[in-house]
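Undergrad: Assemble chains V and A onto chain D, guided by the hints.
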Amino acid sequence: MTYKAPSQAGPHYVPPLRVSHNGLQNGQMEPLIYRPAARSHRLPMDRVDGELGDMDKNGQQFTTELGSPLANGKMHLHSSVKRKLAEEKGYVFDKRLRYNVRQNESNCRFRDIVVRKEEGFTHVLLSSQTTDNNALTPEIMKEVCRALGNAAADDSKLLLLSSVGTVFCSGLEPSYLIGRLSTDRRKESSRIADAVRDFVLAFIHFKKPIVVAINGPALGLGASILPLCDVVWASERAWFQTPCAALHLTPSGCSSYTFPQILGVALANEMLFCGRKLTAQEACSRGLVSQVFWPTTFNQEVMLRVKEMASCNAVVLEESKCLVRSIVMSVLEDVNEKECQMLKQLWCSTKGLEALFSYLHNKTSEK
Amino acid sequence: MTYKAPSQAGPHYVPPLRVSHNGLQNGQMEPLIYRPAARSHRLPMDRVDGELGDMDKNGQQFTTELGSPLANGKMHLHSSVKRKLAEEKGYVFDKRLRYNVRQNESNCRFRDIVVRKEEGFTHVLLSSQTTDNNALTPEIMKEVCRALGNAAADDSKLLLLSSVGTVFCSGLEPSYLIGRLSTDRRKESSRIADAVRDFVLAFIHFKKPIVVAINGPALGLGASILPLCDVVWASERAWFQTPCAALHLTPSGCSSYTFPQILGVALANEMLFCGRKLTAQEACSRGLVSQVFWPTTFNQEVMLRVKEMASCNAVVLEESKCLVRSIVMSVLEDVNEKECQMLKQLWCSTKGLEALFSYLHNKTSEK
Amino acid sequence: MTYKAPSQAGPHYVPPLRVSHNGLQNGQMEPLIYRPAARSHRLPMDRVDGELGDMDKNGQQFTTELGSPLANGKMHLHSSVKRKLAEEKGYVFDKRLRYNVRQNESNCRFRDIVVRKEEGFTHVLLSSQTTDNNALTPEIMKEVCRALGNAAADDSKLLLLSSVGTVFCSGLEPSYLIGRLSTDRRKESSRIADAVRDFVLAFIHFKKPIVVAINGPALGLGASILPLCDVVWASERAWFQTPCAALHLTPSGCSSYTFPQILGVALANEMLFCGRKLTAQEACSRGLVSQVFWPTTFNQEVMLRVKEMASCNAVVLEESKCLVRSIVMSVLEDVNEKECQMLKQLWCSTKGLEALFSYLHNKTSEK
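Residue numbers (the UniProt record's numbering), protein chains in the order written: chain D, 1 to 367; chain V, 1 to 367; chain A, 1 to 367.
There's no promise every hint is true.
Identical copies look the same in the list; a pair holds intra-copy or inter-copy alike.
[To be verified] Once the Cα atoms are required to be at most 20 Å apart in a straight line, the calculated EDC-like pairs of lysine to aspartate or glutamate come out as:
#1 K207 - D154
#2 K208 - E318
#3 K142 - E188
#4 K207 - E318
#5 K187 - E337
Read the hints as simulated data drawn from the structure, not as lab findings.
The shape of chain D in the complex, shown without the other chains:
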């Protein structure tokens, strides 16, 4: 099963997202792990990041995209039992890493994200253990909401959002969708749509500036939420795609409003209807991204700027964001509501669901 690759030339292609069949078929209500056991199925990226260690490659101490070692590490769990065990123990351990995970209060509360309290700002990293390619499930989205809630209340002046690994975020996990919707269409379509709505609302309502650092591909909802963030810095390695129509989905994350506003209706629709993929440079020249940096110095450039920004007056930052955002706040709330209603309807209707299933099934059997 892959995201639909558009018919454009280019070195990039959309990563294949594997279905973890146990999750799909047993209809378990417990959080499922969508990460495939065999690592040879991992996302093949056209350019492999040399300097950022991937624990799968060498088993050495693993570092996040943004430079310092991850407190909770990156886990490879082959069953929900193992996961459960790890959680109960209050720490995670992967033998292949030979790496003792330091655990602190903020990290132990989250499984699929890492939260770091830095001087003047909070750093949230997507680091999904239950899905591949930082794909989103309702559970992961709830963790992000909780992290945003915490950062709103503490003394952070701003929030930095980034990702561990080579993919920023691949959007909603299709295998999760299929698994749940085939179990209880009516109930699950509501539950998932509500989770998307709350996730997007958390971004809309967050009052401090959100800086987002895009290290790699941002797909679907992972791309849609970028205009809800305030400053968007991207690595040359990043690219952007929202292949809604091809995936039998309607736009989400307020992209039906923000994309036309930012990119112009012609390009926005090409992205939403035709799955047009934008390179980092294109996204920057069209306004989705503030600035593009070389992959090798991306982390330093981002950290330098975030620290400088965090030295500004907190009131000035928050009030400036308020001035910029307050005028579109209610529009975004409405758009988000409508988009999620539409997704719910689509998932709830036999026809819409069939279309989604047949699309995903075709993709799977194509491989």
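TA: The following block gives chains V and A in isolation, referenced to the frame of chain D:
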């Protein structure tokens, strides 16, 4: 009489639009033919399209810009009588073509456009027989409205709009304006402004995605309506100009709203006030156009993508468009109403009309 | 004291703005002169304009950036007394110039701007005598408002705004802010915020097209007002920066609304929060600027186009602007009101003021 050429360097220039004086002076209410009889007066294009046959050049079988032979052909009628005759017979024939026009139901209902029902989509081609350079008259605009109405009701998933010839659309026909407004200013200014309003409304209200393929220059109203379409693909050969102020016209087609939204107020106003011409690449980098293709493969690229888009789920396409458009629908309706009111006032006022006439007269005598 | 230089590479840097300490400390209510007496302190520009005479360099007849001799010349007054004297005499004189200033009615009414009535348009030039780098004080802003009021009432079809010197406008004068706010925080914060509000409103409400020619750096409020103008032409030498957060200020000039609209929220916020500097080319490709011209022919290019635009019909120009602007008029009024309320609060609060002072003090002591 020419559109005003702006003072910018560049290989392109705006095509001279000839007045067919019989149409201007006799005030006939029957549809007039503005195409000049002598073909030597045709629009001189800087790059002549080699592979797309123009029947005037060689009399061979003529093909449309988008590849397959046109069912209704391209006619050269030297009087409204001949036209009338052809219409009554239910088919058209041009001796120079040695080409028997195949006639089918949908084609015979239109004179200045061609409508093709393809698999999954409707293809509307501007192919004006009564004006040069696909200029618009109320009659032609009504044909487009009817075609859009039909496509809205049938099983098409989307609409493809393109043009026959080397010019996409040169906007309102100035000689028509002069001819009619000098006959009965009050009545005709209302009638023409209403036709513009309904034409623009037809685009605003069309619920399925509209893909537009711009093979050559798009001027005035022909450029203004592009932001009302959903995906805009252009050939390298296309360029865009809305020289409203220079033509003593105010903006139309909602461009007073959509152009600033898409291009930024600085460039939008330079286009509206100073007649700034945009190349295809400029229009693309500023958001008016989704993507630019090489002229030689333009048709294939467009068809490939349209067919792919037409394979998407119809509900998803329509609902996605609804999400993108519903939020600006009422704004666009208001803007269109105001713009057309302003045009009516301008055409109706002695002063406004004199300004338009003297401008067009000066242009004619300059030649 | 300097504007904060952002951490980006590039040949440009923000000009040092000197505090004239007499103005700061005595709290005089009379207009103060912030221009430093010694010319060696002048803004060092990376590229000195060779062909545009600076009277300080050679004492020859001085010409404005836009080509013709300035009627009121450029004054170098070393005390407010000398200034006062000059004003009472009704003319200005600078011995070093050996230049008798021709005085006409419109010029003698302004001190920090020059107003020229040209055929079909009014030309307003920022030429501040009381501040360096065309920085703005409430008094200068009031002069601009008066000039706009006059141009609205006379037979000009449009207004051309440009600057004398190498800097277009460096925004609010920080030394003025410090001087006044440290004298009477409550009263002065209201007075200055009201002056900003009225200045911005004058642009919002001006009904004829405003063309602005940016010969050099445009900073803070000097950059913020550009989207309120209609056509923006810039010299290659121009650059744009609104380092609000770094200066402990919130956005002004409606930039909290117009910048995200034009540049996209990602770049707009990078400018407002991180002080991102835009080159002329960047500003053009992102929509803030209509077109960029070479510095050597900038004046001619602008004048050519302005004259062409001034040959258009006045009603068409005004009604076109009305169509483009009326839809956002009330939004802009609201945004301006909110922005100025926020500035007032910030200046009025002990904390906000301390932050501004400490920032400016640090900058001064860094030198």
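Undergrad: Each of the hints needs a verdict: does it hold here or not?
TA: Outcome of the hint check:
no.	hint	in the structure
1	K207 - D154	within (12 Å within a copy, 47 Å between copies)
2	K208 - E318	within (5 Å within a copy, 36 Å between copies)
3	K142 - E188	within (16 Å within a copy, 48 Å between copies)
4	K207 - E318	within (6 Å within a copy, 34 Å between copies)
5	K187 - E337	within (18 Å within a copy, 45 Å between copies)
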